[in-house]
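Quick mapping for you: the protein sequence lines, in order, are chains P and C. If you're matching positions, the first sequence starts at 31 in the working numbering and goes up one per residue. If you're matching positions, the second sequence starts at 831 in the working numbering and goes up one per residue.
Source of the hints: derived by calculation from the structure; they are not laboratory data. Be careful, since some hints might not be right.
As the list claims (entries may be wrong) - Label-pair restraints from in silico Cβ distances:
| hint | chain 1 | residue 1 | chain 2 | residue 2 | range |
| --- | --- | --- | --- | --- | --- |
| 1 | P | Lys131 | C | Asp1191 | 41 to 49 Å |
| 2 | C | Glu1080 | P | Glu195 | 53 to 61 Å |
| 3 | C | Glu1294 | P | His207 | 54 to 62 Å |
| 4 | P | Ala171 | C | Lys1126 | 47 to 55 Å |
Where is the CB? At the ideal position from N, CA and C, for every residue including glycine.
So the chains spell out like this:
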Amino acid sequence: MLSALLVMAAIAIVLGAVLGFAAIKFRVEGNPLVDRIDAILPQTQCGQCGYPGCKPYATAIAAGEADINRCPPGGEEGIRKLADLLGVDFKPFGGDTNAPKPRSVAFIDESTCIGCTLCIQACPVDAIAGAAKQMHTIIAAECTGCELCVAPCPVDCISMVAIEENITNWKWKYPLHTVAVRRAGSTRQPGKARPAQ
Amino acid sequence: MRTLYKFHGGIHPPGNKAQSTQLAIAHAPLPSKLAVPFHQHAGETAKPVVQIGDHVLKGQLIGMPDGFISSAVHAPTSGTISSIDMQHIAHPSGLPNLCATLIPDGREEWIERKPVDYREHSPADLQQLLRMAGVVGLGGAAFPSDIKLRIGKQKIKTLILNGAECEPYITCDDMLMRERAAEIVHGAEMLRYMLDAGEVLIGIEDNKPEAIAAMQQAIADCNNFEVVTIPAIYPGGSAKQLIRTLTGLEVPSGKLPTDIGVQCFNVATAYSVYRALAHGEPLLSRIVTVTGNVRKALNYETLIGTPVDELVALSEALPDTNGYIMGGPMMGMPLHAMNAPGPAVHVPVVKAANCIIAASDRLFPPPPPALPCIRCTRCAEVCPADLQPQDLYWFAQAREFGKAQAFSLFDCIECGACSYVCPSHIPLVQYYRFAKSEIHAREREKQAADSARERHEFHLYRIEREKQEKAEKLAARERAAQAAKSTVEHSDD
Chain P
31 MLSALLVMAA IAIVLGAVLG FAAIKFRVEG NPLVDRIDAI LPQTQCGQCG
81 YPGCKPYATA IAAGEADINR CPPGGEEGIR KLADLLGVDF KPFGGDTNAP
131 KPRSVAFIDE STCIGCTLCI QACPVDAIAG AAKQMHTIIA AECTGCELCV
181 APCPVDCISM VAIEENITNW KWKYPLHTVA VRRAGSTRQP GKARPAQ
Chain C
831 MRTLYKFHGG IHPPGNKAQS TQLAIAHAPL PSKLAVPFHQ HAGETAKPVV
881 QIGDHVLKGQ LIGMPDGFIS SAVHAPTSGT ISSIDMQHIA HPSGLPNLCA
931 TLIPDGREEW IERKPVDYRE HSPADLQQLL RMAGVVGLGG AAFPSDIKLR
981 IGKQKIKTLI LNGAECEPYI TCDDMLMRER AAEIVHGAEM LRYMLDAGEV
1031 LIGIEDNKPE AIAAMQQAIA DCNNFEVVTI PAIYPGGSAK QLIRTLTGLE
1081 VPSGKLPTDI GVQCFNVATA YSVYRALAHG EPLLSRIVTV TGNVRKALNY
1131 ETLIGTPVDE LVALSEALPD TNGYIMGGPM MGMPLHAMNA PGPAVHVPVV
1181 KAANCIIAAS DRLFPPPPPA LPCIRCTRCA EVCPADLQPQ DLYWFAQARE
1231 FGKAQAFSLF DCIECGACSY VCPSHIPLVQ YYRFAKSEIH AREREKQAAD
1281 SARERHEFHL YRIEREKQEK AEKLAARERA AQAAKSTVEH SDD
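One chain only, chain C, in its complex shape:
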């Protein structure tokens, strides 16, 4: 039995996971149209490489990675590109972003797939393949996986597969582990090869006994693999907290897990790494849990770009549904009905969308009015990052951003445990997001000002230099004229 470690705080919200694990993963039918955003991952937006009217095949590249941290985007099915324009996406701002609209032709015609044997390629080649296959972290952050595999000189001792899935309602990783455990383990072997890592730990919370059994069976023939059952606690599936639970190591503030010899991938990411390398299939679909206020909660294998409302319609939302949540109830993003501010219900499913919850006032009653902070420090007791949320709240609402930063605001993982326990119902995480984004904006402005100062100083220097050059030229010409004059005078003599 492996020694498990505890992280600070954590909460035990009701799981609500049983509803969507009764039936096997279903395939969502081809939707009437797909809207594929070019910015589904952390980093730079992919560059469109198709034109309006082009016929594309399933798996054809439509967005080329642009910049170091970026990822490719592909056509999820065969069909015709009917438009490339700004469309609504799932973003808290509710602002539109560049999307390609694809009208499926129903034939599901694939491009030529090129499976590779990973042992015959260098890790650098495989990383490039994953980048071009659009593989990103499927746990929710959608960080390009190839970047996480570029470790430089660091030595990775432990590769962690994250199957904790700690957030209520979400069961997509649970179902994936139950049904496709062998593929996940193959993907983990590929990741281990690329990282040159030693042991592989698969962390799964104890509320998923079927997934644990399936994974244990899948690793039976594998060397140095271990499935570790961890206690169910929120947010035990957050990367830093999971690393702490499994290894006892703490990722220092401002550092990455690789700095302490650990790297962490979601189980669904390992699965898509396997599909990308062993089958040559880019990331075109993902498992999405549809649950909450619906008649039949279910997990669907869903094509990227499927409109969320078409997907929820498959599960028959109940009449009192008043909006959806993309993600879980703790960290997810509310999608509103039309005309309300913020993202709308018809946005497309993206690579980061692990769950769609149909919301109603019955399931998620509107929060009561907030009362003043009474400094009870209940938030500090549950904070998994061991911060002082009440102080951070105080500084954020007073716009004292420097102090908030000094109190490690950027170590906050926005898990929402503080807001969950706050007896005054203060939306604490909103204040932290506000403060973080103000600080980022100020940093951007400062950089722009510094660059403008440099350019202005060079501008002044250039003008001065041009003036000097002109004066020198003039002087040289005068000297030449004088010399010529004097020679003329001499010849006159």
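This is chain P alone, in the form it adopts within the complex:
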């Protein structure tokens, strides 16, 4: 009886020590769920979700404080991916969030710019080059299209330009072709075009 108790106690102490050691040795920094949510978010850093960037929004989702349908740049596909990851139901956009817009980049009208640097301070990804009293310009390749630079500009010289389709970013479309439909009593006949979703 006593020996059994001692054996069990010894095992408990050893395993407890192993677990305690593992908890310190293999400690994961940060919240892995936050990183996985952050990986889905489009990194526009636009703040349209009501949080000051994608990471804070991801943290809020992970903590269960924010809904998954608050990111317009991520689009419906983003909501679907978040729903998949978190095992919750898909939720359409609604309420106070903006509707998704086509992707665009900021454009500075360089003849109007007075070089006040307010937009440079507002840009979350440092995609505006310029200095005080010097003309500013957007580094288009790095611009996420967050629109945060538009409001601070005192002379309204920043506009958003939609990214146009060109040879490099063009994509093959979902195939559109006629499909045959078969109705009762009729043989093969041409039907309507297969809808592109």
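Let chain P serve as the given structure and place chain C on it in line with the hints.
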């Protein structure tokens, strides 16, 4: 007799090659104007180095290679640059791209040509010469040849010259081999020198006996060259399939032929390598087969930039022609009459354009409406890449791109054999192209997001650092002020 190997699948569509091989290669006359696109090759667009109004000589550089994978673009004849703007090109999107319009002066005045003896130069120098001569793969992919010659530490055992020309209607390589076999073989010797390769195998399908005879005669004095007659099967001329047929080796998924000690060039590419090095002539023209619904099907030596409709006019298209195909009927790109979506008939001939087929409903009847997939797996039987096209179709149409990728979507060479045999007439290749381009777009977006995340994190770090520096400066100033105050107090005592 060399042992030949079989690859999986393949089909036997009617060849339709006899029409355009009756007469010798003709020279297409100088067109009224030439539109030379700056993006004719795989990789980055060349940078224009001429201005509107400039007078250029034949062979003068007008587009400088820009980026690692890029190639030069030259003026195909002497004349005046009348515009540099966005014009319609042969691209499935039908979107315009940067082109230079050249009005020929008719004098065909050359720049100074500098022939080189390749044996006196290092392979690296020759690669640079080929890059500046705008030599790209003329089989259809237009991949810059100098990149394919940069092999690093790999040892190339076999150099393969691709003269298979498996796609129906196309005969430009056939005619080139018949008429200019010696030049092709000289070019192959140069390629072999640059690759430090051992044997050279020239693969030609058995439906081109004249080309085989001509090439055999041309290699008579060459050491370690062999012309190999291979059975005509589509797509036996695709690089990976040809390598398999000739050597029995299979290029592993996601690897390059150089990884297994083989490199493959089209015969026309070898010819232009010869012209570029031995004559100092950049790539200004190519042989284009004009065939299909025309009165006289023929191969033309055509200047790059010639409008396709002017070229077809030489062969007199029949009245019921309703569009052209650039390339072959299996993998080519349809060019439509004006105002229809997609690329138009007046686009210029580019380096990749091996064939123009005048199409009509008689030759290419519109496909019947598609029926549902019945999973007969006939597509899997003919797939030369040994894939499961019916599964790929299923995943692509359901937009399950991850699964399509797991089923080796990117090993698909888009040869169209699956669509050809599909009893339900499903345009399978269109689905694969759609899936591939969606996956590429997603990868691009992911990269952009990752870069934005990094920049945002640095932005936050920078603001934090600036705040800290400011606080430190303030603290230092306060300390200095305190110190000054205390010394004043001390001196007061």
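Okay, the hints, checked on the actual structure:
no.	hint	in the structure
1	P:Lys131 with C:Asp1191: 41 to 49 Å	holds (43 Å)
2	C:Glu1080 with P:Glu195: 53 to 61 Å	violated (38 Å)
3	C:Glu1294 with P:His207: 54 to 62 Å	holds (56 Å)
4	P:Ala171 with C:Lys1126: 47 to 55 Å	holds (51 Å)
The structure fails to meet hint 2 from the earlier list, while all remaining hints are met.
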